[in-house]
Amino acid sequence: MSKELYTDKVMDHFMNPRNVGEIPDADGVGQVGNPVCGDVMRIYLKIDGGRIQDVKFKTFGCGAAIATSSIITEMVKGMTVGDALEVSNRHVADALGGLPPRKMHCSNLAADALLAAVNDYRVKHGLSQIGEPAGHGAHQHEHDAADADDAEAGRPPCTLRVDGKCVDPQAGGVPARKARIAGGG
Amino acid sequence: MSKELYTDKVMDHFMNPRNVGEIPDADGVGQVGNPVCGDVMRIYLKIDGGRIQDVKFKTFGCGAAIATSSIITEMVKGMTVGDALEVSNRHVADALGGLPPRKMHCSNLAADALLAAVNDYRVKHGLSQIGEPAGHGAHQHEHDAADADDAEAGRPPCTLRVDGKCVDPQAGGVPARKARIAGGG
Amino acid sequence: MRRVYLDHAATTPVREEVARAMLNFMVEDFGNPSSVHSWGRVAHEAMEQSRANVARLLGCRPTEVVFTSGGTEGDNLAIMGVAFARKDSHNHIIVSQIEHHAVLHTCEYLEGHGFEVTYLPVDGDGLVDPDDVRRAITPRTSLVSVMHGNNEVGTVEPIAEIGRITREAGVYLHTDAVQSAGKIPINVQEMNVDLMTVSAHKMYGPKGAGALYIRRGTRLQPLQHGGGHERKMRAGTENVPGIVGLGVAAALAYDELDEIPRGMTVLRDRLIAGLLSIPRSRLNGHPSRRLPHNANVSFGDIEGESVLLALDMVGVAASTGSACTSSALTPSHVLVAMGLSHQEAQASVRMTLGRVTTAEDVDYVLSRMGPIVRRLRAMSPLAEGSLAPREAETAASGAHLQHAADLDKPGCDCSGDKGVRR
Amino acid sequence: MRRVYLDHAATTPVREEVARAMLNFMVEDFGNPSSVHSWGRVAHEAMEQSRANVARLLGCRPTEVVFTSGGTEGDNLAIMGVAFARKDSHNHIIVSQIEHHAVLHTCEYLEGHGFEVTYLPVDGDGLVDPDDVRRAITPRTSLVSVMHGNNEVGTVEPIAEIGRITREAGVYLHTDAVQSAGKIPINVQEMNVDLMTVSAHKMYGPKGAGALYIRRGTRLQPLQHGGGHERKMRAGTENVPGIVGLGVAAALAYDELDEIPRGMTVLRDRLIAGLLSIPRSRLNGHPSRRLPHNANVSFGDIEGESVLLALDMVGVAASTGSACTSSALTPSHVLVAMGLSHQEAQASVRMTLGRVTTAEDVDYVLSRMGPIVRRLRAMSPLAEGSLAPREAETAASGAHLQHAADLDKPGCDCSGDKGVRR
Ligand SMILES: Cc1ncc(COP(=O)(O)O)c(C=O)c1O
Ligand SMILES: Cc1ncc(COP(=O)(O)O)c(C=O)c1O
Ligand code: FES
Ligand code: FES
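Chains as they are written, first to last, in our numbering: chain S, 1 to 185; chain D, 1001 to 1185; chain V, 2001 to 2422; chain H, 3001 to 3422.
Calculated from the structure, these hints are not laboratory results.
Glycine included, C-beta positions come from ideal geometry on N, C-alpha and C.
Facing chain H, according to a computed beta carbon distance under 10 angstroms, are these residues of chain V, among others:
1) 2012
2) 2025
3) 2100
4) 2101
5) 2102
6) 2105
7) 2106
8) 2223
9) 2224
10) 2235
11) 2312
12) 2316
13) 2320
Chain S with its partners taken away, still in its complex shape:
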């Protein structure tokens, strides 16, 4: 796959997204804004016996955001809540046959929304909130291959980064403007 192109699988999930919609009596609802671009995703969970019985989503976002939203709902349906939180943005991207490097950040939306929905469920059940989902911190720093070299050379301004800057919140790479949009989303 050319690194600039969406796979057929992405386009399939974009054109025919699975599990779009709402669950009126959801056990957990999570909505997040993507700190990079301001796009928004909401996830509804129906949880029974620690297992995700049903899941639906709504997404305001790019093609990759819609496709990752769609596929993550397919992936976690039927999983235990614990296993679902192990699903990282990288897993989601892999399941789609890969995402262009510049769209890797879009896959965070799905993992973050899932976490938010689970936390909503946990709060309702008197449990403590959980931090970052598994793999989030480790995997989110999804720059393309050029970055390894950039680091060697002391991060020169001329080499390709994801959108010319680090997009990992851990690394301080999120534009305030974007984060604000997202927060207000």
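Following the hints, complete the assembly by docking chains D, V and H with the ligands onto the known chain S.
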């Protein structure tokens, strides 16, 4: 005539120059280097009764230099010395059907060489040397039409000049390098 | 599948007549115009013929036209050229907030090099108020730059009026006419401008060629050094085929300026009316002071890239904002300056018509647009009737805010994440 | 009349294959590579294919190739880009005296902006001594720039050796490979360079396109601001047809690198031998370390433009020095640096062969050259046997010296007086 092109008359005088050669027993010989480009012209005069009986030239220079050398010899042959000195570089250019603005400076070579030859003749005859030939000062400042505007605007660096600089010695426009080459010519 | 290209503001196809002329100067009359031999002379003459054609389109003298590699270089040369040439006495520049990035990022660069820049606001239709220009001018102002026709929303600015103000104040005026050239009349005299940028590939000429009008007597520092080409304003072997293409395109545009745009306006209005018949849509840009080929509409609650992608699946080419910002993460700076919310801005779709666009093309696009908007709205968490999330649920994104302070000022996001080719 | 083009160092015809590919991306696949729709994707893919082709020719990674508008821009971007990016810690640049004006005039510009430039001498054959590079490097040196093949005299410089020195010293090395690319093997790894400039129109590609190799990790400040094209190193809508043309030209050049230059060297040597059989002639440039297409000969006592004009009258295209300096008044800075007197330099004629040059072409030129030289010598006041003028007779020109001090430093004289089209 496009301002970038040599006229047919120039090309005729370049390909078939008149009066090329030397006069071994010349009454006056003048050689000058063109201060702009370093090209060199030598003129031989045979003078009798204050009249130019014969004239020959040799030129190391561009097509315009050769053509102007050729035509000035045609023009002054038979003239009185006084009349010959009235022949300006502009007259020479006009006689050739015009020169491209950028080649106007080439016509100075012919007028200057003629003056040098006349002065050589005058020194030999105990006469004082003469300064600039007629029209030299007034006419040599041969910039193209753009210059009028340049002057209005206080000589901005972006507008066309002859070779990007003033070529009139009176205006201080001669590159030292060039002048030195010419002097050493 | 029908294919409809409605992205003529991003770039246009090269016209056959233009391509044919260029081909000759690539394969046959391929000389270097600086050469003194006959190959060089032929190339040089062709270049000067083009200069005359461009001069006719702009209403200036051929000697006032400098060929460039395109609109971006023209904007850079105009702004940096004047700024650096006058920097000893003047360090202030005025531009509008809705300029193209070629202007805005050049200004940002200048801000890092001792210049002050005033970014003028626009009203809700995208218009600059000439009085704002007047008020912003100081004794240290060297240049005002306000674009003629905006590339995103199509609003046409009151350049002649601004020009009267800059003339009076003795300040240079540059206008970016990349979008307006060939579409509405332009004339540097009537518009009172000292510098004007045009680009060939926006008017059926080739990419990689453009021109900058520099009023005689205007002081500029060149950007690129080398041979003394283009009156020492632009070093480098001249792109003769590109220049010839620009010249032919300019001549054709000039000759057809009366016919084409008229029919285009009718089609554009049909397109706009159709798009506005979709619920919760709004037109961006001025309703009447508008480029004849531009329609820009925002749809509530849906996001731009997904609309483009869905349109692409049915063979329709459109963009969000400019070609450049359509691949950017940030919402259009133009729409934000016009007062749209970030989400309104993110939901804008620009469709720009061309010479060959037909009524059938427009109707085809309209027939597809409604269902696409409905489908995406059904998916949107922002659309009416969707269950609103509670405050706490947005915590995950709020958490990111704490890192925001570490950031570099974000640069141009062109070619950024949002733009992806599938 | 037979027409023989021997000015391939000035520019080359665009090959049919190249022109055909370009035509498609002008008329059919005309999209803007920044656009997200299918038109844009096709253009983008073509551009990346070209990048891969250029990378193969240069021996680098595609991500290290930035497309430019030509060799002049490449040289400017490399030199100003590094100079300004490192200016806080480094303010010294080293170049040779025989660089192209695109390098030299950029350095002059930098000298006016707080930089120091060392201009390295060359020997009589035009070779830079690597030891001179070593000695010139200081702790404040940011960049060395030495061209690969000289455009006027064809001498090929010892870049790999210079590269070993710059590597050791931790200084960037740029080489201008505009003339050598496609004619002799180039490889950025083997040559130890960090930046390399190439230009399409010198290798049967189009004018207005070129590339700069930027080794990954090299810090550069862009020249042109705007959209984030070319990894933010070069804003502006990409010249897709030009880039495609460059890519096809690069691929063809790479594939044919073994065949063409061999036959060309044989023809070149036949041309050189014929020219040197004319009395009082001398070869300029290195006899063996020389570009395969370059012949450069000086003829005593005659002047360059008049030779070119006479050659032009018999259908032959040649130049004095470079295309650029052939229209300049100043004698070639390259020949002067090599120790030629001003008049020897003024009397040089450069003939550069191309892919389609034949033995008949060479013989035709040689048959015309002798008579032309004889005719012009008969007219020259400098030729042997001519009556020498006395000292006093040069007074008229000496008088001009007094004005010399008022002068600005003369800039590039390209497109200056000497160059005239008839
Ligand atoms: C208004 C405006 N200015 C400048 C440019 C840049 O021109 P170019 O694409 O020729 O670099 C564009 C288009 O990209 C534009 O629309
Ligand atoms: C050695 C060299 N460098 C740079 C250039 C400039 O390249 P371009 O003509 O593409 O601007 C040339 C040719 O003009 C050249 O011969
Ligand atoms: S660009 Fe926002 S999620 Fe993809
Ligand atoms: S260039 Fe020297 S006389 Fe014409």
